[in-house]
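*Asks:* Sequence:
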Amino acid sequence: MVGPAQARTMTRNTQHTTRSNRTSRDRRGDEVAMSGTALIGQSEAAFATASTRRGRNTRSAALVGLGAAAISMTGSGIPSYWGDEAASVISADRPLPTLLAELGTVDAVHGAYYLFLHYWIGLVGTSEFAVRLPSAIAIGLGAAGVVVLARRLSGSGRFAVASGLIFAILPLVTRMGSEARSYAFGIAAAVWLAAAFVRLVRSRETRIWPWILLGAGGAASTYVFLYLVLLIPVFGVGMLALRPARAIVMRWLASAGVAIVLAAPIMIAAVSQRQQVEFLARRDYATVESVLVTQWFGSGWFAVLAWALIAAAVAGAVMRRESRPRLAFLLAWLVIPTAAVMVANFAITPLYNPRYLSFSTPAVAILMAEGVRVLAGLARGRSARRLVATAAAVALVVTALPGYVEQRSPFSRDEGSDLREAAAIVAEHASPGDAIVFDESVRPSRKPRLAIDLYPEQFAGLHDVALVTPARERDTIWAEVAPLRGLGVDLRDHQTVWALQLAGSSSTDMSTLETLGFRLVQAIPVNRTVLYEFTREAP
Numbered sequence: 001m002v003g004p005a006q007a008r009t010m011t012r013n014t015q016h017t018t019r020s021n022r023t024s025r026d027r028r029g030d031e032v033a034m035s036g037t038a039l040i041g042q043s044e045a046a047f048a049t050a051s052t053r054r055g056r057n058t059r060s061a062a063l064v065g066l067g068a069a070a071i072s073m074t075g076s077g078i079p080s081y082w083g084d085e086a087a088s089v090i091s092a093d094r095p096l097p098t099l100l101a102e103l104g105t106v107d108a109v110h111g112a113y114y115l116f117l118h119y120w121i122g123l124v125g126t127s128e129f130a131v132r133l134p135s136a137i138a139i140g141l142g143a144a145g146v147v148v149l150a151r152r153l154s155g156s157g158r159f160a161v162a163s164g165l166i167f168a169i170l171p172l173v174t175r176m177g178s179e180a181r182s183y184a185f186g187i188a189a190a191v192w193l194a195a196a197f198v199r200l201v202r203s204r205e206t207r208i209w210p211w212i213l214l215g216a217g218g219a220a221s222t223y224v225f226l227y228l229v230l231l232i233p234v235f236g237v238g239m240l241a242l243r244p245a246r247a248i249v250m251r252w253l254a255s256a257g258v259a260i261v262l263a264a265p266i267m268i269a270a271v272s273q274r275q276q277v278e279f280l281a282r283r284d285y286a287t288v289e290s291v292l293v294t295q296w297f298g299s300g301w302f303a304v305l306a307w308a309l310i311a312a313a314v315a316g317a318v319m320r321r322e323s324r325p326r327l328a329f330l331l332a333w334l335v336i337p338t339a340a341v342m343v344a345n346f347a348i349t350p351l352y353n354p355r356y357l358s359f360s361t362p363a364v365a366i367l368m369a370e371g372v373r374v375l376a377g378l379a380r381g382r383s384a385r386r387l388v389a390t391a392a393a394v395a396l397v398v399t400a401l402p403g404y405v406e407q408r409s410p411f412s413r414d415e416g417s418d419l420r421e422a423a424a425i426v427a428e429h430a431s432p433g434d435a436i437v438f439d440e441s442v443r444p445s446r447k448p449r450l451a452i453d454l455y456p457e458q459f460a461g462l463h464d465v466a467l468v469t470p471a472r473e474r475d476t477i478w479a480e481v482a483p484l485r486g487l488g489v490d491l492r493d494h495q496t497v498w499a500l501q502l503a504g505s506s507s508t509d510m511s512t513l514e515t516l517g518f519r520l521v522q523a524i525p526v527n528r529t530v531l532y533e534f535t536r537e538a539p
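Residue numbering for the sequence shown follows full-length UniProt numbering, beginning at 1 and increasing consecutively.
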């Protein structure tokens, strides 16, 4: 039996225990709530940090891209068009059915660019600056891609920005960014394909559709520039270097298969139109100097500095195991396309032109940035490392600047192309009703006739006596013309004939005109072109 006193004591103990248990539960609940709040806070902070980092990375890539576009764009309208650009403009500035007919005969590998340029010219006209502007924009996209790729390979934002800035001042990049050809677009396509490839590998992407999209994008890029098909073996080396799981390798093989199948039509067209590169057999392009200097660097001093930095990057990879996979990938991008083109050039058919390897410039830039980082890492102390990096940057700018300025001089293209200036001098001296003839004895890309195709307003009122069919009406690039020696009847009503000749050519036009009774009155030199005036007395 429990007495009243004991009962009261037990009741008090029970109430105290209940209150203690409730307090303990409340304390644990508060701790759980606080812990949950802390976790939520940490997650929100991490998300905010990641968002801030992504925003910073995006801004840095965009700013570097804008800077690169501005560098390539500046002064791009100063040089006259030259032969290859003339092919772009003359092809694009014609009716669409005629352009499509041309692509069925020649230059199918440039078809995507010509089609784009056809509509672009319809919007902005055919001035040098306007037609070259898309190439500068493409270089900007390429520079942004270099920043993204370098960050994905290294994890360092500063290194990525340095890579993008080096890319922006590479002499070949600033040249391609101021030229009306498709090479700048090829560079941009290559670097973004590489960035997508690295992301898929590093994220261990096992879904098939992103890999199929990568393959489709790679195939589409070959329609912009055929040699981008050589990225397939480059990415293969990247697979070996990054060592992903077997499932990733199998998906990349599927991606490569998609790229090859979808690119097959343009590769077949290129083989069927291989005569368009037969001129390479008559050019002394495939030399050691072309590969080591001209191909990416332009000048000897810049090339020496660039190769020294690349060598430092390789040495750093030997010492640091963690950098070896990305160095292997980048070196493959540097070596495999050049080696493949050179082997084909000597063993099969001429295929090498230094500009054709421009799509390796992103790898060149990142390797050079790696070299700067390795050299800076050898210095002791933060100040010393900054000094080394600054010295390297200054040296690169100083050695790149002369070539950059020269690229933007009036006669910088194709050893002195002066088509615009020649057209202006014709307009200044010739009178309506005069006849005009052009030197047809030189190779197509240097024919003075390109001046009338590119700047027709400067020849208004003149009689192009040799013209049979204008280029815009043919299924090939150039106009059809008749030889001057058979044009006596066409010249009988003209007392003044202007002859635009390439200096030092083997043309017989002047002797032909003299045979027809014309007398040389004056010779007006332009740069590499000379304008001759012939007259005769009225019958």
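Treat the hints as calculated values from the structure; they're not laboratory data. Worth double-checking, as some hints may not be accurate.
Unchecked claim - Per label pair, the in silico range of CB-to-CB distance:
#: 1; residue 1: Arg59; residue 2: Phe129; range: 26 to 36 Å
#: 2; residue 1: Ser156; residue 2: Pro95; range: 47 to 57 Å
#: 3; residue 1: Val521; residue 2: Ala347; range: 47 to 57 Å
Here a beta-carbon is modelled for each residue, glycine too, at the ideal position from N, C-alpha and C.
*Asks:* Holds or violated: 47 to 57 Å for the Cβ distance of Ser156 and Pro95?
*Replies:* 51 Å, holds
*Asks:* Take a look at whether the Cβ-Cβ distance between Arg59 and Phe129 falls inside 26 to 36 Å.
*Replies:* Roughly 28 Å apart at Cβ, these two residues keep to the hinted range, so it holds.
*Asks:* The hint says 47 to 57 Å between Val521 and Ala347; measuring C-beta to C-beta, is that right?
*Replies:* Given a distance of about 54 Å, which is inside 47 to 57 Å, the answer is holds.
The structure agrees with every numbered hint stated previously.
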